[in-house]
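So the sequence lines, in the order shown, correspond to chains A and B.
Residue numbering for the first sequence is 0 to 348, as defined by the working numbering.
Residue numbering for the second sequence is 314 to 718, as defined by the working numbering.
If you are wondering where the hints come from, they were derived from the structure by calculation, not from laboratory data.
Ideal Cβ positions, reconstructed from N, Cα and C, are used throughout, including at glycine.
Be aware that a few hints might be false.
Chain B side only, calculated, beta carbon under 8 Å to chain A, not exhaustive [as the list claims (entries may be wrong)]:
1. Pro354
2. Gly462
3. Ala463
4. Leu503
5. Val505
6. Gly506
7. Asn532
8. Phe535
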Amino acid sequence: MAIYAERKVSAFIQDRYGPMEVGPYGLLQTVADLLKLIQKEDIVPQKADKPLYKLAPIIIFTAVFAGFAVLPVTSGFMGSTTEVGVFYLLAIVSLDVVGILMAGWGSNSKYALLGAMRSVAQIISYEIPIALMVVCITLISQTLNLQEIIFQQGILWSETEEGAQNYLFGIKALGIETTTIGGFLTWNILRSPTMLVGFLIFFVASLAESNRAPFDIPEAESELVGGFHTEYSGFRWSMVMLAEYGMMLLVSFLGAILFLGGWNSFFPNIGPLKLADWTTGVPGTLAGHLWGAFWLIGKALILVLIQMWVRWTFPRLRLDQLMQLSWKFLTPTAIILVLLSAIWRLLMI
Amino acid sequence: MANQIQYIFDNENLNRSEPAKFSSDDLQRDEMIINIGPQHPSTHGVLRLEVVTKGEQIVEVVPHLGYLHRCFEKHAENLPYNQVLPFVDRMDYLAAMNSEHAYVMGVERMLGIENDIPARVEYIRVLVAELNRLASHFLALGSYGMDLGAVTGFFWMMRDREHILRLLEWVSGARMLYNYIWVGGLFYDLPVGFEERCMEFVQYLKPKIKELEELVIQNQIFIQRTAKVGVLSADLAINYGITGPMLRGSGLAYDLRKVDGYSVYSELEFDVPVGKGEMGELGDCWDRTWVRVKECYESIKIIEQCLNRLKGEHQRTKSFDPRAAVPKKIRPKAQDLYIRAENPKGETGFYFRADGKSDVPFRCKARGASFVNLSIINELSKGGLIADLIAVIGSIDIVLGEVDR
Numbered sequence: 000m001a002i003y004a005e006r007k008v009s010a011f012i013q014d015r016y017g018p019m020e021v022g023p024y025g026l027l028q029t030v031a032d033l034l035k036l037i038q039k040e041d042i043v044p045q046k047a048d049k050p051l052y053k054l055a056p057i058i059i060f061t062a063v064f065a066g067f068a069v070l071p072v073t074s075g076f077m078g079s080t081t082e083v084g085v086f087y088l089l090a091i092v093s094l095d096v097v098g099i100l101m102a103g104w105g106s107n108s109k110y111a112l113l114g115a116m117r118s119v120a121q122i123i124s125y126e127i128p129i130a131l132m133v134v135c136i137t138l139i140s141q142t143l144n145l146q147e148i149i150f151q152q153g154i155l156w157s158e159t160e161e162g163a164q165n166y167l168f169g170i171k172a173l174g175i176e177t178t179t180i181g182g183f184l185t186w187n188i189l190r191s192p193t194m195l196v197g198f199l200i201f202f203v204a205s206l207a208e209s210n211r212a213p214f215d216i217p218e219a220e221s222e223l224v225g226g227f228h229t230e231y232s233g234f235r236w237s238m239v240m241l242a243e244y245g246m247m248l249l250v251s252f253l254g255a256i257l258f259l260g261g262w263n264s265f266f267p268n269i270g271p272l273k274l275a276d277w278t279t280g281v282p283g284t285l286a287g288h289l290w291g292a293f294w295l296i297g298k299a300l301i302l303v304l305i306q307m308w309v310r311w312t313f314p315r316l317r318l319d320q321l322m323q324l325s326w327k328f329l330t331p332t333a334i335i336l337v338l339l340s341a342i343w344r345l346l347m348i
Numbered sequence: 314m315a316n317q318i319q320y321i322f323d324n325e326n327l328n329r330s331e332p333a334k335f336s337s338d339d340l341q342r343d344e345m346i347i348n349i350g351p352q353h354p355s356t357h358g359v360l361r362l363e364v365v366t367k368g369e370q371i372v373e374v375v376p377h378l379g380y381l382h383r384c385f386e387k388h389a390e391n392l393p394y395n396q397v398l399p400f401v402d403r404m405d406y407l408a409a410m411n412s413e414h415a416y417v418m419g420v421e422r423m424l425g426i427e428n429d430i431p432a433r434v435e436y437i438r439v440l441v442a443e444l445n446r447l448a449s450h451f452l453a454l455g456s457y458g459m460d461l462g463a464v465t466g467f468f469w470m471m472r473d474r475e476h477i478l479r480l481l482e483w484v485s486g487a488r489m490l491y492n493y494i495w496v497g498g499l500f501y502d503l504p505v506g507f508e509e510r511c512m513e514f515v516q517y518l519k520p521k522i523k524e525l526e527e528l529v530i531q532n533q534i535f536i537q538r539t540a541k542v543g544v545l546s547a548d549l550a551i552n553y554g555i556t557g558p559m560l561r562g563s564g565l566a567y568d569l570r571k572v573d574g575y576s577v578y579s580e581l582e583f584d585v586p587v588g589k590g591e592m593g594e595l596g597d598c599w600d601r602t603w604v605r606v607k608e609c610y611e612s613i614k615i616i617e618q619c620l621n622r623l624k625g626e627h628q629r630t631k632s633f634d635p636r637a638a639v640p641k642k643i644r645p646k647a648q649d650l651y652i653r654a655e656n657p658k659g660e661t662g663f664y665f666r667a668d669g670k671s672d673v674p675f676r677c678k679a680r681g682a683s684f685v686n687l688s689i690i691n692e693l694s695k696g697g698l699i700a701d702l703i704a705v706i707g708s709i710d711i712v713l714g715e716v717d718r
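So that you can see chain A by itself, here it is in the shape it has in the complex (with noise of 0.2 Å):
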């Protein structure tokens, strides 16, 4: 779906109709590639170091989709139950890399190995902007549960927790108490100002996270033919690029459960205008589900429009520039960020 999606956004954007051909509007297009993906022989050079070369697409598409295990995806459904969600998946997303290493290492081609290194140096100084962000919530929300960061962002807070207050900005002084209004005034994004910069930190660092543009050396087409893919072909390649794919989806229901309220509304309480109860329903009956998986697959599906619109409209960074922004820009604001978010904890409560 995603793969249908990324093609016709890129056509529109560039003048063009995209998949026409195969099914209504080219629907099936994705179907009979992945059919003939399938069928395509499984080229492995004689030069491979053949147990790595084979397993590293198993490694890159298991650690990408298990990531998803621990998604709550509405107030009352989430696959698996964790205390530790956040930390499992930051675990996860970097177990990646491993695979990454190994493809490039294990087709022993040149192209290969510099993808790979590119892809390894980029990802682990990512990843150090995401976990400080991923910290900043934390201490916003005092809990490393993904289900209950969510809760905290909504109208369902108080019922679930004795004495829950929200404020605009988390400040008291304020006046504007926002626990029973809802809406995208309770996203982490605006119960404390320093979250604001925060999702944009967390965006581009995932945009370079999940290896799409402008950040996508690693694969850098014109440069490295397809980074650490190159040698790939077929079922294997096939499973690379799922995981690409499956990764966007996931850093973007991340960012939309850490920063954008989860599987919340985004209409607020106005007076007799009760929008936040209306859209959301009761945990555990029939209406919650539906509401909750529509907000957060729509608010994520709304993230990857723009990854692919970003990808679509910005060349590629160098590796020195990508290095630079990351090291010399992200990390320190993410620092910052992190110490004021503790102060502003502190004057929260």
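Model the placement of chain B on the given structure of chain A, informed by the hints.
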């Protein structure tokens, strides 16, 4: 063996990438050889580069040519002058009209009929050549953006280039290899209504180039990737014989359309844009790209003037025959002649030697601008990163058909 894939792997195959300048024995510590091309997305054809790198840093670049060699010069020695024209098209296949124009001027000068060509014919020649220059620059700009990762710019440019190719197809019947400008005239007059349609198109085009400027050329990331990369000083450019937008990007206003004023260019008004080092240093990749963008505007200016004159003083008349001056037999007197013209990529020249006894040239040497411009690649990319090498190749704007001929 019937259902098996039949290729026998020989361990020697791994070492068989001859000819190569470097072997693994020549390398210093930490160095490695990367072979870029001939099948590589950003070598713009079948260019093969042998790159010695230290990690990602480039130590030396050796271009290997000849993958698209089609013996143009030998063909030319075996065919009558007018039959060489299709081969001239195939040299720089992105700007065939410009090369044809240069070749035809040379033959006409040898025959001594250059002053017999009607003005309308000359204006049409300049018009189609400038349209072709636009198409060539569009491809250069678009694919340069794509080399740096901005794919959308490429598609926008290809879309507008397609309009030009359709116009030229209307004129000559072919999209890229026209064989339209003949010795002593033209294949046909412009089709009826062409002037109006072309004028409409030019008006449509101006905002589109502006759009590209905003999307790609002025983009902060694009500037970071190209400014201060591949800096070419004017002295070095002259020493290497670099011409065209590359030379002008280094700050020298040298344009043969102005210097020689051949054909009717001396009667037309246009500027010669030069690089000023606005974003980085004078003569960097950004300057070269900027010169190309500016030249697109200048070409549009020339096209508008040509169209106005073709509708005004050199109007189409019923009795006008573009083939009136086409000679029945082309047999120039014994002489040597060098003719040159400003192609989108630089100076394209033809050196003829006629023996006065036959219809075929005794010798026809072609000077390909891309070939000469490519020779600088080692100087420009040494010490940079692999990403910079790609930026440099794109900014040179080579066409392999012209490099190998």
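| query | Okay, which hints does this one fail, numbers in order? | reply | 4, 5 and 6
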